[in-house]
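Student: Residues per chain are reported as follows:
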Amino acid sequence: MEARRDPEKGMQTVEEFLMFHMYLPIAGNSVNVFLVFALGGFVGLLSGIFGVGGGFLMTPLLIMFGIPPTVAAASDSNQIVGASTSGCLAHYRLGNVDFKMGFLLLIGGVLGGFAGVQVIKVLRAMGNADFLINITYVLMLGGVGAYMFLESVQSLRKKAPEASATAAAPKKKSRYAAMMEALPLQTDFVKSGVRLSMLMPLLLGVMVGILAAIMGVGGGFIMVPIMVYLLRMPMHVVVGTSLFQILFTCINVTILQSYTNHTVDFVLAVLLLLGSTLGAQFGTRISRKLKGEQLKILLASLVLVVMVKMLLNLLLTPDVLLAYAGGH
Amino acid sequence: MNKIATTCLLGLAALLLAASLALAAGTDLTIRPNLVTIGTSFNGAQLTVTGHVPEGDSAVIRLMGEPQHRTFRQKGKALGVLWMNLKTVELRGVPDVFLMGTDGVAQVNWEHSDLGFQSIKGDADDLIFDEFIKLMERDGFYEVENGVVAYEPADNGERPFKATLAIPSAMHQGVYRVEVLAVKDGRVADVAARELHTRLTGLPEFLSAFAFDHSLLYGVAAVIIAILAGLAMSLIFKERGGVH
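Which chain is which? The protein sequence lines are Z and A, in order. Under numbering that gives the first Met the number 0, the letters of the first sequence match residues 0 to 327, in that order. Under numbering that gives the first Met the number 0, the letters of the second sequence match residues 0 to 243, in that order.
Calculated from the structure, these hints are not laboratory results. Glycine included, every Cβ here is placed at the ideal spot set by N, Cα and C. Hints are not guaranteed to be accurate.
Short, incomplete list of chain Z residues facing chain A, as computed with Cβ under 7 Å [to be verified]:
{"#": "1", "residue": "Pro-24"}
{"#": "2", "residue": "Ser-29"}
{"#": "3", "residue": "Leu-88"}
{"#": "4", "residue": "Ala-124"}
{"#": "5", "residue": "Met-125"}
{"#": "6", "residue": "Phe-265"}
{"#": "7", "residue": "Thr-276"}
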């Protein structure tokens, strides 16, 4: 924008473009436009491929660029609204969004979110909220990542290359499957090709909502494995449906944060958006080219990397022993 | 009688001396600009400080925001191994920005001198205050720049100086105090100060007002624009013949 207003001087060389800065009114700092655009593109790519919001990656990087933690997290939610709209539509065209399942998970998620906020209040009152949050985070990521990784490596080895992910489910009837069938309100989820009680997605949605609120994340990382393993949905539909659900969660967070804390930086969100909506489109195309098992392995690796990084943060002595209040 | 007269004379002499110092060889400064506007393309600014100190003194420039109460989380070890935010600590009367410029001649550790960051320490705990300075320096809010003050030959008992300070991009809208300390033998002989104002203009001013005065509308608008951006990108890619 600025460049067009000043055609004589602005951006005549690549170098000038790479160094172009813009001031963010709510964050109260200026950022390198190109860097933020690239960051948005990368995270958008991830959300298109895996159906995760990418807040786990975006927020710490933005903090590194000098954005206050609360503004980073809230503006990231605003940005995810754009990226997930873009990704969700692209997946919808491929027939990868199960709206019925998505709505049920969403309702559960909203209820769980309210419950989670109350849990946080109790934990804070008890005084060791940070400890519990960090431990939950590492254990969850470690457990989910390791299970997903091992499971997909095994099934890649076992399976004939033709067989799809859905074929694995009906083979043996575990106790879990029997319990699922015993629940009332059984219904068909056509897009996912599964028959389940409506209570299942609702309850799991509540659980993810609670965890997401406690951990202060969007929940894509927990939601995706739950849809794969507990709801037994095919991986590609999981990605599309997860994006659909994330879209609504982030709309809610953006409006709430703007209203109560004034922490959404619109300029920052738009810069990120330009990159992430583009990235989400490419991500969806990459996602389509990968098999369900390959997607799972990649996501599992990503989850494990994040877990290791968190663990290192906990174990290594920090450079500075003070942090700004208000962040996670 | 005699005693009183002497005291009076001495007092008068001191007054005259002080007056003449203030008139002829006092300390003064001018800052340029004295209003920094923060527009869309703001990425920090240069502040030029010119003035004079009495001959023989050295000039130390300080730029400070208003003192505030600030809370931080202090990290500590939980269970003896895991680092995390354990408690909340409060610091009283610390400015959000503290920049210093010196001539770099004297071998003084300004961070730890009474004229530097120590001047705002108050009754804060040593460890916490040190970590606070580290955090502020890491993020560019506190800085000592040695060698930015240059002198011109003294004239008429005045020593003119010129200094350039780099104002960080993370300055908030507000009023800052820029002062020059005339330092002699490590002590402040004289002080002069000016106010520096920073103000949002253009798009940042508009968005900031929108976000704080109409916060609900702002949130809804932010969401709608994000959705439209997602839709637009999705349509562009569809029309480019991105086959299913």
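Student: Compare the structure with each hint and give your call.
Tutor: Hints, one by one, checked against the model:
{"no.": "1", "hint": "Pro-24", "in the structure": "holds, 4 Å"}
{"no.": "2", "hint": "Ser-29", "in the structure": "holds, 4 Å"}
{"no.": "3", "hint": "Leu-88", "in the structure": "holds, 4 Å"}
{"no.": "4", "hint": "Ala-124", "in the structure": "violated, 14 Å"}
{"no.": "5", "hint": "Met-125", "in the structure": "violated, 14 Å"}
{"no.": "6", "hint": "Phe-265", "in the structure": "holds, 5 Å"}
{"no.": "7", "hint": "Thr-276", "in the structure": "holds, 4 Å"}
Checked against the numbered hints given earlier, this structure breaks hints 4, 5; the rest are met.
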